[in-house]
Amino acid sequence: MQLKKLEAYGFKSFADKIAIDFDQGITAIVGPNGSGKSNITDAIRWVLGEQNVRNLRGTKAEDIIFTGSASRKALGVAEVSLFFDNDGTLPVDFREVAVTRRLYRSGESEFYINRSRCRLKDIYNLFADTGIGHDGMSIIGQNRIDDILNSKPEERRAFFEETAGITKYRNRKRESVRKLSETEANLVRVQDIIHEIESQLEPLARHAEKTRIYNERQQEYRQYRLAGLVRDYVQESGRSQETEKELRQARDAVTKAETQEKSMVSRKAQLDKEIIDLEQALRGLAEKNEGLRQQMEAASTEMAALQERRDQSDAAKERIRKQREAFRQEIAAAEADMLKLSEQENQQKDDLTQAEALLAGEREKARQLAQRIRLQKRAEQDAQTGREEKQQALAQKKQELAVIDRDIENSSDDQDSRRAMLDEAGARLSKLEAQRQEMRQAAQEQQNRLACCSDELHQASLVADQASKKLAGLRHRCDESEQKIQSMQSKEQFLRRMQQAYEGFGRAPRAVLRSQAPWRAGVAGAVAELIEVPRDYITAVETALGSSLQHIVTDDTDTAKAAIAFLKREHQGRVTFLPLSTITARKAPDLALNRQDGVIGWGSDLVKIQEKYRKIAEYLLSRTLVVDTLDHALALAKRHAYRLRIVTLGGELLNPGGALSGGSSRQKETSFIHRNDEIEQIRDTLRQERETHSRLTADCTAAREGLDRAEQRQQAATEELHQENVRRAELRVNLERLNEAYDGQVRVREELIREDAARKESFARIQKKHNRIARTVAEAQRDFDDAVRKADEAAEELEDLEQDAEDLSAYIQKQEVSRAVLEQEALRSREHLLLRSRDKERSEQALRENEKEEKSLLEGLAESSIRLNELQACHDDWRQAYTKGKNEQDHLYAQRMDRLAENRQTDQDAHEAAHARNQAQAKVHQLELIAAKIQMALDEQQEAILSEYGLTPERAMEEAPDMDPTELRDRMKELEKQMKDLGPVNPNAPEEYEEQKKRHDFMAEQAKDLMDAKENLEHIIADMDEAMTRQFREAFHEIQIYFKDIFVRLFGGGKAELKLLDEDDVLNTGIDILVTLPQKKRQNLSALSGGERALTVIALLFAFLKYRPSPFSVLDEIDAPLDEANVVRFGHFLREFAASTQFIVVTHRKGTMEAVDTMYGVTIEDAGVSRILSVRLDEEK
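Numbering follows the UniProt record's numbering, with no gaps: position 319 of the sequence shown is 319.
Keep in mind the hints are simulated off the structure, nothing from the lab.
Do not rely on the hints blindly, as some may be mistaken.
Derived DEER-like restraints, expressed as beta-carbon distance ranges [to be verified]:
#, residue 1, residue 2, range
1, GLU96, GLN486, 29 to 39 Å
2, MET936, GLN499, 45 to 55 Å
3, GLU831, ARG867, 29 to 39 Å
Simulated crosslink set (DSS-like; lysine-lysine; CA at most 27 Å straight-line) [what the hints assert, rightly or not]:
#, residue 1, residue 2
4, LYS886, LYS397
5, LYS612, LYS60
6, LYS152, LYS1059
7, LYS1055, LYS1044
8, LYS1055, LYS288
9, LYS398, LYS886
10, LYS587, LYS769
11, LYS568, LYS587
12, LYS397, LYS840
13, LYS340, LYS840
Here the structure is a predicted model, which means the values were calculated and not measured.
Where is the CB? At the ideal position from N, CA and C, for every residue including glycine.
All chains should be modelled from the sequences, with the hints used to inform the complete structure.
Below, the structure written as structure tokens:
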């Protein structure tokens, strides 16, 4: 990654926009004291996130903004941008990354990455662990040298953490620790809330349960009351039908009684004579037939018994024969099964004995094989341990050899570099005189060009300032417009939420409109929702409608009934419903009022509503007249004898009869219709404001383009002036440099010769040590290869044994399963054999009992047949005689009975006919009175069912439970007592309990999530500590080696060491720097001279860069304390490290200037404004 360019505007002395392009290699910033060259370092440090103004050489934030001068006014903003060529080092998907920081004099600060607004934290994260940072070793000035050396050991470790690449881990750990603290605090708060809720849940649960029981009892009581009403209604309906039937029968009875009364008297005398004759004949015939009947009954009874006995005997014979055959078959089958099962049992016993013998042998094999596996595992572990020990020894030897190899490589590179530097120093001496003469002639020509460029830049700056002011004004207006849009959008959303919540409606209308019950689909909405009112008429319409705004429109009466039942059940209050199926539109009176003074129109004509709801508007507003003023309203009402309902635009209302209402209302701004109108106004304003914002955005774009053109002109003039100033600075600096260069080159050559001799001696010692360690590495490699071979053989043998054991185990398991199967089969065969033996015994016993029963049955059957034949012959003779006598008796008896019945009926009818007629007439009157009472009771019951339950009697019969009347009465009394015993009930308790329960469950879930998050954060912190410890140890070890080597090279000897104060606390311990200068004892850092302190920090810087090359490093006059020889040595190190790190050096030392590739000069004008000049020295060379 490379720093490509720096742009600054308004930062400290850079009142005009500057741009500095940085190439690979070394770039020097030079200039006289006070010219502002260190402001470039401050600008880089500031844009990378420096927050401490004192580190930027200021006292307050606005000190970094150009404060103006005698001829230049102060600026209101400071802006610095750094442009990077990203090769993947930065974690963003852009080839070029621009980081910008902007500060306004108001104190507002802005940060951008590739022109996208971001936070300071995002910039910190962007450069984390890249070696770039405002407080690391990538930016070092003279005061930084003292900070590094004089700081506490604990503070000094921050530089090592940045280089070790654990800053990102440290920041993440700090963030994780902060989140852990917040999580623990949140967990405590959540647990406190849970305890508080739990203390409320128990009493709420009791109240909720009490309310639930009360509601259940009340609902059950209503059902039972409905059942009682239905039962009474059904009973009364049945009584009504029975009464009507009885009334018709009574009227028929009156007519019949009058007809019968006349014919009965004459018939009675004739019947008396016929009855006497028939009675004498019947007495003689009855005595004869009675004797025959008794003989027949005795014979029939005995014959029936004998026949039944014979039938039963035949059925028994057939049953006995079938049973005997079945018993014989069962005995034969049992004997065959027993023989087969006995043979099968013997075979299974033999198979089981063989399986157990085989299984015992295999188990012994498995035990022996397990013993061999345990021994082989121990041998394999020993071999692995030996291999690891040999591997560690080999790695240690190789690491030692790698360190020496790097030392040899560095020494070889140093020898080649020193030889090249010796040749280069000689060549430069020959060129110095010729270059000095050429530069003097060029300086005069350059001075003339510089004056022309200054004039052009002044004109371009005036134009750019004007364009910048215009753009700033437009941006300010554009931001104000955007804020207005956001404010109006927020207000519109707020008003919409109020409308959706039906804010301002009563509790009952809100409950209906927000219900989720099935009947809600039949609710069209409130009247206020359905109408649209022009803005001028809102006050008049709201006054005219009043509470009717909250009336609810439904599709039909069934929906309204369901909603009313809901309101009663939930105790929510009352609502007026307007069913579309029943509402009838009212027509406005045809009074031709529209042409009179002040009349605007009928209310129904002034509102907009969907056509299907039009009759709602006509029902509510068709008889309300809207006029402009109260005076016109009074005059109009008087002309029409105060029969009209009139409302004015100001909200005054004249009712029929002369009543007048008016005054002020505090509800105007919160009414539903007013909020709808306000939403529409906001929409219109939003459209206008968005158009304004679009227009301002276009103006900003045009102004930005104008500013870009002005800045391009200014940039071109600045570039041209910059080039001329750079050339002037180059000429002046080069003239000074050439005058001193020769002496410097002589001193450099002598120093290089001394260093070359010392490095050759050191190289020989290192080479000798390398050969010795290489031999030990070869021996360690052989030992390691032998240990690897043994470990592989042991592992392979162990794997074979384990495979054999696994195969044998599977085989044993299979044999155990087979043995178990054989045991189970043998057991089943034995059980079957016993069962069949018992079956045979039972069948043989049953066969013997069957044979005895058959013999007894045959003997009884023979005796019964003889007696039955004798009785049958006698019975036939008696039956013929009895039949004949009986027929004669029946004939005579029937005649007598007919005459007797007719006589009794005739006599009764004759006596009762008149009385029956009178009774029937009285009963008719009584039944008419009963029917009227029953109908009255039916009407009362029907009214009760409709008023209390909203049901017809037919629907009530379908819904009412069917119960016994006594049980119903007892249950209702019991429910009344239970509800009274419950005492006062809070109807909202269940909802409050559910709300608290949901809150408790939510908080419990939150507590669980917080506990999980706490454990996760603790694991993350532990993992990061482990990673930081490991990475810091590795980095510190390598930096220690590089620091020792570079220190010796810079000082030409001596000794240096980095020391951890506490080896056991790597993440927090301080770091001490111990140095011993050549031919001196170890000294405290504070006792070192300025040059020695600078060289010590330079050695540490280059050790950091060697371990982890930084993309770029800014060095601000850190070479100032050095003498000329050390400056040259410093320049050589810059050249050495320039291949991997881009250096930006603020300096005024000639030795450092000689090592750079590009040089920028910084000058200060009379107006207090710094200017930049540049030159490519490698091209000049």
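Going down the list of hints, with the structure as the test:
no., hint, result
1, GLU96 to GLN486: 29 to 39 Å, "33 Å, holds"
2, MET936 to GLN499: 45 to 55 Å, "53 Å, holds"
3, GLU831 to ARG867: 29 to 39 Å, "56 Å, violated"
4, LYS886 to LYS397, "145 Å, violated"
5, LYS612 to LYS60, "71 Å, violated"
6, LYS152 to LYS1059, "13 Å, holds"
7, LYS1055 to LYS1044, "7 Å, holds"
8, LYS1055 to LYS288, "165 Å, violated"
9, LYS398 to LYS886, "144 Å, violated"
10, LYS587 to LYS769, "119 Å, violated"
11, LYS568 to LYS587, "34 Å, violated"
12, LYS397 to LYS840, "94 Å, violated"
13, LYS340 to LYS840, "15 Å, holds"
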